[in-house]
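K.L.:
Assemble the whole structure, with the sequences as input and the hints as a guide.
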Amino acid sequence: MRTVLVEKEFGRFRPLYWFINYVLYLIFGMKAVMYHQFRINFLGLVLFYLVVFSIVLSGGRKFGALIGGMLFLSSYSFTENLIRLGPVEPYQAIFTFIFLVIFLKKRWAFWPILLFLYTASFLVKETSVVLVLPVLIMSFFFSRDKRDRRYALFFSVFAIFLLILSRKISSPVSDKLAYVDNFKFDIYLIVSNITGYSRMFLNATQPFVKLFLIVFLIILMLFRNSMRLFIKESYLLWLVVLFSFMIILLPWQYVLERYIFISISSFSIFIGIFISDLQRILFDYIKKTRVKVILYLLFVVAVFNVFFYNFPLNLAKSINYVSWYSNFLDFEKDQVEAIADTRAPLVTINAKDTLDNWEVLYEIPLHLRYIYGSQVAINRADAIPTSGYIFMRNSLASSFSEDEILGAGFKLVDSKQYKINVIDPIAFREGFRYKPLSTLVHPTLSDQEITYIWKIFKK
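Each step along the sequence shown adds one to the number in this note's numbering, with nothing skipped, and position 140 is 141.
Errors might be hidden in some of the hints.
[Said to hold, decoys possible] The following label-pair restraints were derived from C-beta to C-beta distances:
#, residue 1, residue 2, range
1, F244, F162, 23 to 31 Å
2, F300, L137, 34 to 42 Å
3, F111, L221, 31 to 39 Å
[Unchecked claim] Think about it this way: if two alpha-carbon atoms lie no more than 35 Å apart in a straight line, the pair counts; the simulated DSBU-like pairs of lysine-lysine are:
#, residue 1, residue 2
4, K288, K460
5, K63, K32
6, K460, K412
7, K420, K436
8, K288, K353
9, K353, K289
10, K107, K211
11, K211, K233
12, K456, K334
13, K63, K288
14, K456, K353
FYI, nobody ran anything at the bench for these hints, they're computed from the structure.
For glycine and all other residues, C-beta sits at the position ideal for the given N, C-alpha and C.
P.N.:
Laid out in structure tokens, this is it:
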């Protein structure tokens, strides 16, 4: 059990994530569809309600909670995290948001529960250590109670101790596949990642970022007495969480939209609170009911227009991802079936020994054994074998080329190609604005398409 919960092969420490998967396996067994149903229908619903409740408990109104929830649901990061079976971010977000809401409303009144929730979040994914930042900032800048500060310092020491302990327990057995090696404090990498993550974040949230900045400046100039609404801990808390979970990703080698799930969620909560406060500012000055109703309707229409400006863009990206994921599953299923059909004692996989290839090298033998009951053994090689079967695919970094395989006397015995069409998001947004149903049924496709190929050679 320890070898499963602690990934010493490449030094990763996420034991609670693997334990959750073990429990799900006991419930669902080999029924892959049930895992997808669980993530989409259960985790998705739980996360949506957590975002909505976080907005309400942070002082938001119903309309603000609705907009924040819709912004959260429509994000591409939400789609990717829920459709894929692997991402840990949904579990991390659940523990993190419950922790933050309790901390915001009750501070340390339930400190044992807070420690439990933090530990659970950390044992799902190590990046939860950044929760130390909002805890310290809120305790030292928004509380005059010295006990809050003592609890915050104790919590910080506990978090750092847990981080050091996890690194010690999961110290990798091999430097070649060390997971932590993908964290590099390289200034060029960090600057590049700032650009990449900023682009992703703004693509998902841009109209609301602009709305907030414009309205904030207008209120600052015209309604200075209303500024007190914006100087409160709920705003600061969710902004600090947003940036904390973004900053910790900057030294990481890979830039993926699913990594900023908690940041996108925090921004959705922030915008929900902001829309609610904007509603208060606008209508507290209006006394006549008829005028208030008319202006409220105009306000609702304006906010929905802001939302629907970017919604088609995120929808197109989500449709593209669903299409890609469905085809990629067929791609992986067919190749494992083809390997099993060889009935050979050994099949060599043409792939380098890298972390990028590790997931495939790890999963193919498991699928062969537990899904197909195959006895075919898998071997990764840096050199072409003298005989037998060789498997390769274009999405793996190969140790040797196809020409070298053919030159060694091997013949191609099986292969399959998969072409995946991609919707043009910009054209989709323009078409959706005027003809939504027609655009959904007949979207404009991009000139670029994704191609996957797998091949099996024999000698």
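K.L.:
Out of the numbered hints, which ones does the structure contradict?
P.N.:
4, 5, 8, 9
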